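Heads up: the sequence shown at position 86 corresponds to 86 in the working numbering, and the numbers run straight through without jumps.
It is possible that some hints are incorrect.
[To be verified] Each computed DMTMM-like pair below joins lysine to aspartate or glutamate, with the alpha-carbon atoms no more than 25 Å apart:
no.: 1; residue 1: 63; residue 2: 91
no.: 2; residue 1: 114; residue 2: 86
no.: 3; residue 1: 78; residue 2: 54
no.: 4; residue 1: 38; residue 2: 61
no.: 5; residue 1: 109; residue 2: 91
Quick caveat, the hints were computed from the structure, so don't treat them as lab data. Predicted model only: the values in this text are computed from it and were never measured.
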Amino acid sequence: MYIKGLSKDALDFNPNFTDIDVVYEIMLRHRGFPLTSKIEKLSNIGERTYIFADAIVVCLEEKVTEKIVDGIAAIEPKPIKVIFRDSAFDDDISLKLNTMNRLDAQLKKHNQGKEQSYRVEFI
């Protein structure tokens, strides 16, 4: 549930935080990844999608589309974790489930049917 007139960013993140600030906060929570890890903006996937240490994708897009999911699935090397912002799904559980199923199917397709271990989180 959202307060009318407030942006998703105002509700999801601290005021004045940039996307990079959010990525660094997530990086801090993942012990084992130094703050000097490379952060790359994945502009070919979305304007607010990042990867750090070539291992963890952080998708801060306000809406998650099939194009975004397909782009994440095509990343090489495969990420070990994908983090989506929960509000991108507008409390729509079926949209979340469909996104998870599509991500899984696309990852298998890009891995020639082989299973790959990865995790998905929502912030």
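| query | Is residue 109 within 25 Å of residue 91, Cα to Cα? | reply | The hint is violated at about 28 Å.
| field | Satisfaction of hint between residue 61 and residue 38, Cα-Cα up to 25 Å | value | Holds, at about 20 Å.
| request: With a cut-off of 25 Å on the C-alpha distance, tell me whether residue 114 and residue 86 pass. | output: 28 Å, violated
| said: So if I understand the rule, the pair passes when the alpha-carbon distance is 25 Å or less; does residue 63 with residue 91 pass? | reply: 12 Å, holds
| Does the structure keep residue 78 and residue 54 at a Cα separation of 25 Å or less? | 8 Å, holds
Checked against the numbered hints above, the structure breaks hints 2, 5 and satisfies the rest.
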